[in-house]
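Residue numbers (the UniProt record's numbering), protein chains in the order written: chain A, 1 to 369; chain B, 1 to 369.
Read the hints as simulated data drawn from the structure, not as lab findings. Just so you know, not all the hints are guaranteed correct.
One copy or any two copies: either way a pair holds, since identical chains are not told apart in the list.
Claimed, not checked - Calculated pairs, DSBU-like style, for lysine-lysine (alpha carbon to alpha carbon, straight line, at most 30 Å):
1. Lys178 / Lys11
2. Lys11 / Lys150
3. Lys134 / Lys11
4. Lys150 / Lys138
5. Lys367 / Lys138
6. Lys178 / Lys134
2 protein chains.
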Amino acid sequence: MTGPRYPALIKSLPSTVPFVGPEVQERQRGAPFRARLGANENIFGPSPFAVAAMQDEAADIWKYADPTHHELMAALAAHMGCGPGHIVIGEGIDTLLGYTVRLLVEPGDAVVTSDGAYPTFNFHVAGYGGVLHKVPFKDDKEDLEALMAKAAEVDAKLVYLSNPDNPMGTWHSGAAIKDALELLPEGTLLVLDEAYIEFAPHGTAPQIAADDPRVVRFRTFSKAYGMAGARVAYAVGARDLITAYDKIRNHFAMNRLAQTGALAALQDSEWLEQVLRLVEDAKQEITRIAGDCGLRTLPSATNFVAINCGRDGDFARSVLAALIADGVFVRMPFVAPQDRCIRVSAGRPEDLKILAEALPKALASAKSG
Amino acid sequence: MTGPRYPALIKSLPSTVPFVGPEVQERQRGAPFRARLGANENIFGPSPFAVAAMQDEAADIWKYADPTHHELMAALAAHMGCGPGHIVIGEGIDTLLGYTVRLLVEPGDAVVTSDGAYPTFNFHVAGYGGVLHKVPFKDDKEDLEALMAKAAEVDAKLVYLSNPDNPMGTWHSGAAIKDALELLPEGTLLVLDEAYIEFAPHGTAPQIAADDPRVVRFRTFSKAYGMAGARVAYAVGARDLITAYDKIRNHFAMNRLAQTGALAALQDSEWLEQVLRLVEDAKQEITRIAGDCGLRTLPSATNFVAINCGRDGDFARSVLAALIADGVFVRMPFVAPQDRCIRVSAGRPEDLKILAEALPKALASAKSG
Numbered sequence: 001m002t003g004p005r006y007p008a009l010i011k012s013l014p015s016t017v018p019f020v021g022p023e024v025q026e027r028q029r030g031a032p033f034r035a036r037l038g039a040n041e042n043i044f045g046p047s048p049f050a051v052a053a054m055q056d057e058a059a060d061i062w063k064y065a066d067p068t069h070h071e072l073m074a075a076l077a078a079h080m081g082c083g084p085g086h087i088v089i090g091e092g093i094d095t096l097l098g099y100t101v102r103l104l105v106e107p108g109d110a111v112v113t114s115d116g117a118y119p120t121f122n123f124h125v126a127g128y129g130g131v132l133h134k135v136p137f138k139d140d141k142e143d144l145e146a147l148m149a150k151a152a153e154v155d156a157k158l159v160y161l162s163n164p165d166n167p168m169g170t171w172h173s174g175a176a177i178k179d180a181l182e183l184l185p186e187g188t189l190l191v192l193d194e195a196y197i198e199f200a201p202h203g204t205a206p207q208i209a210a211d212d213p214r215v216v217r218f219r220t221f222s223k224a225y226g227m228a229g230a231r232v233a234y235a236v237g238a239r240d241l242i243t244a245y246d247k248i249r250n251h252f253a254m255n256r257l258a259q260t261g262a263l264a265a266l267q268d269s270e271w272l273e274q275v276l277r278l279v280e281d282a283k284q285e286i287t288r289i290a291g292d293c294g295l296r297t298l299p300s301a302t303n304f305v306a307i308n309c310g311r312d313g314d315f316a317r318s319v320l321a322a323l324i325a326d327g328v329f330v331r332m333p334f335v336a337p338q339d340r341c342i343r344v345s346a347g348r349p350e351d352l353k354i355l356a357e358a359l360p361k362a363l364a365s366a367k368s369g
Numbered sequence: 001m002t003g004p005r006y007p008a009l010i011k012s013l014p015s016t017v018p019f020v021g022p023e024v025q026e027r028q029r030g031a032p033f034r035a036r037l038g039a040n041e042n043i044f045g046p047s048p049f050a051v052a053a054m055q056d057e058a059a060d061i062w063k064y065a066d067p068t069h070h071e072l073m074a075a076l077a078a079h080m081g082c083g084p085g086h087i088v089i090g091e092g093i094d095t096l097l098g099y100t101v102r103l104l105v106e107p108g109d110a111v112v113t114s115d116g117a118y119p120t121f122n123f124h125v126a127g128y129g130g131v132l133h134k135v136p137f138k139d140d141k142e143d144l145e146a147l148m149a150k151a152a153e154v155d156a157k158l159v160y161l162s163n164p165d166n167p168m169g170t171w172h173s174g175a176a177i178k179d180a181l182e183l184l185p186e187g188t189l190l191v192l193d194e195a196y197i198e199f200a201p202h203g204t205a206p207q208i209a210a211d212d213p214r215v216v217r218f219r220t221f222s223k224a225y226g227m228a229g230a231r232v233a234y235a236v237g238a239r240d241l242i243t244a245y246d247k248i249r250n251h252f253a254m255n256r257l258a259q260t261g262a263l264a265a266l267q268d269s270e271w272l273e274q275v276l277r278l279v280e281d282a283k284q285e286i287t288r289i290a291g292d293c294g295l296r297t298l299p300s301a302t303n304f305v306a307i308n309c310g311r312d313g314d315f316a317r318s319v320l321a322a323l324i325a326d327g328v329f330v331r332m333p334f335v336a337p338q339d340r341c342i343r344v345s346a347g348r349p350e351d352l353k354i355l356a357e358a359l360p361k362a363l364a365s366a367k368s369g
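Excised from the complex, chain A in its bound form (with noise of 0.2 Å):
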């Protein structure tokens, strides 16, 4: 008996697992952590009207969803301005990307994004064969005309860029982003990852209309709506592009209450100014830790703070290790010279305080390493 046949590209890429959830690393260390603070979640959670829709909606699980996703379609048309023809819903922002690299790339055509950006992207990537083309951040910062030069160089399907960009937390204004546009190549689709769009300075997003042929945003119910476990995003572009989505997605692939709860979500706007400002509180109470032990943290205009260890990678690895081990969930950078850093979430004042306590002894920890 012999198994099945795999095409050369699956047996090319690796069996590794690429992304290690927290529950992994609190059974590795046997232990919970004391503060989830590592996956950019919003701890402060969904709107109580989306709890609500979705605890009411818990017994009609057993029909489908909407495949067409109506009545939330009609809802983020017009929070978008646009027609429902220029969005398609998907199960998160991972599935959307997945969808467009297989939409657009196949083996050995030219992809471009950032050295250290989403490792998601670049996982779908690989495993449609695309060829990675990578740029370093510069100041901290995806890097605008890098990344429009290099698509022009080696001819690019795609380029992928974060705006505000996660790791680092940095942002380009919206003015600046229609500015590179004019440097996209001609046949080259602008990736723009909105995912922590919600929590930037007014004008972080760039005005473009939905049915500029160049571009396509994603937008989530992840980040600021503070769904992450639901699994609800959304991609808005030209009316061809989105068309063409149609053609490949999981049609019933949506999670009833998630559908149900995203509707309720972003109809309370009170509820998102609120996590506004709690995000905005709890990012400047990190400064302060991080001020508190002689550390700086970079702007951020997401849900999270970049950490500057003030040493090299090692060391930032070390304090990383140091406060996992202690029981605070927190993530870092992959890349150089933006793995000096490590990258906190927003979380509440009792997450915080954990930090506060944690954070001093791991830098002790890592500097006596």
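The hints should help you fit chain B onto chain A, whose structure is shown.
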């Protein structure tokens, strides 16, 4: 400004949306359905413990779900009598079928299925450029010998078999499946869709070792467990194959409430037994209702019944259209001669009362039309 550059395969895919949900039909007819009996949903719903578990977890939706599905995985491994290394959990069988096709089918590769079998599988095969070869049903059952012979003839990468089958509700014994497996060509993987297996007589699931490299089998929480809107399913197969899914799956794509609810549902075998009895009663009632109209039904090992409308496909389509117009959501097979039937999902007494009232009228309308 030009748009993005699509590969030839993507350009070749139809831009029509292949699957119409009942909500779309409701909006088209301007009124909700009076009875929802068309999508083989389990109207008796999930275990109350599953509902409660999802409600209790709703406020924690800000957390991503555990990407390893640790607790659910352990419970499923115990349930299936295999190690967790033999199971991959995904967002519905549709998603897992898509992954399976992606793992094995390159453009031009041959895939075999039955003419009129599950269209979503065909959608994925087309979407990855596979070439579908279809064999006809035989006596309203998927034809095991013909499927295996065709697989050998075309050197298929995959052969799809649903047991019990959709849309007819017929089935083969596990022993017959095992015998057919001996005819499976080397290098062909049997995609065994057991979505309805819990409804089937004892012995319908073949005894196949989890590490048999010739087969991957699919199970779901959408049917007997009453959680179609949750999107939780799993595949069981050899360790190498299961590892391969990890190379491409969206690791963080599971809804957190779905994960929690599925675990609770799996643990409530009492509820499952009760649902199976209610479904059995409903199927008998559908047979009685059809009989009162002078129609025969096919024996069914699923939660639906195929009613033979007694004439050709055009006649059955007229009956179906009349039922839809009268507010009864049902569906029917696509392909002759199976399309002499309409397909009715098991419903509660109040749903079937509406069917009992609507079916004679629909038949009269079709006869006069």
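Okay, the hints, checked on the actual structure:
Proximity of Lys178 and Lys11 under a CA criterion of 30 Å is satisfied inter-copy only: 29 Å between copies versus 40 Å inside one chain copy. With identical chains, the CA atoms of Lys11 and Lys150 are at most 30 Å apart both within one copy (29 Å) and between copies (27 Å). In this assembly of identical chains, Lys134 and Lys11 lie within 30 Å of each other by CA distance both inside one copy and across copies; the values are 24 Å within and 28 Å between. In this assembly of identical chains, the alpha carbons of Lys150 and Lys138 lie at most 30 Å apart only when taken from the same copy (14 Å versus 58 Å across copies).
For a Cα distance limit of 30 Å, the shortest separation of Lys367 from Lys138 inside one copy, 28 Å, qualifies, whereas the shortest one across copies, 74 Å, does not. For the identical chains of this complex, Lys178 and Lys134 are intra-copy neighbours only, at 21 Å inside a copy versus 50 Å across copies, given an alpha-carbon limit of 30 Å.
The structure meets every hint from the earlier list without exception.
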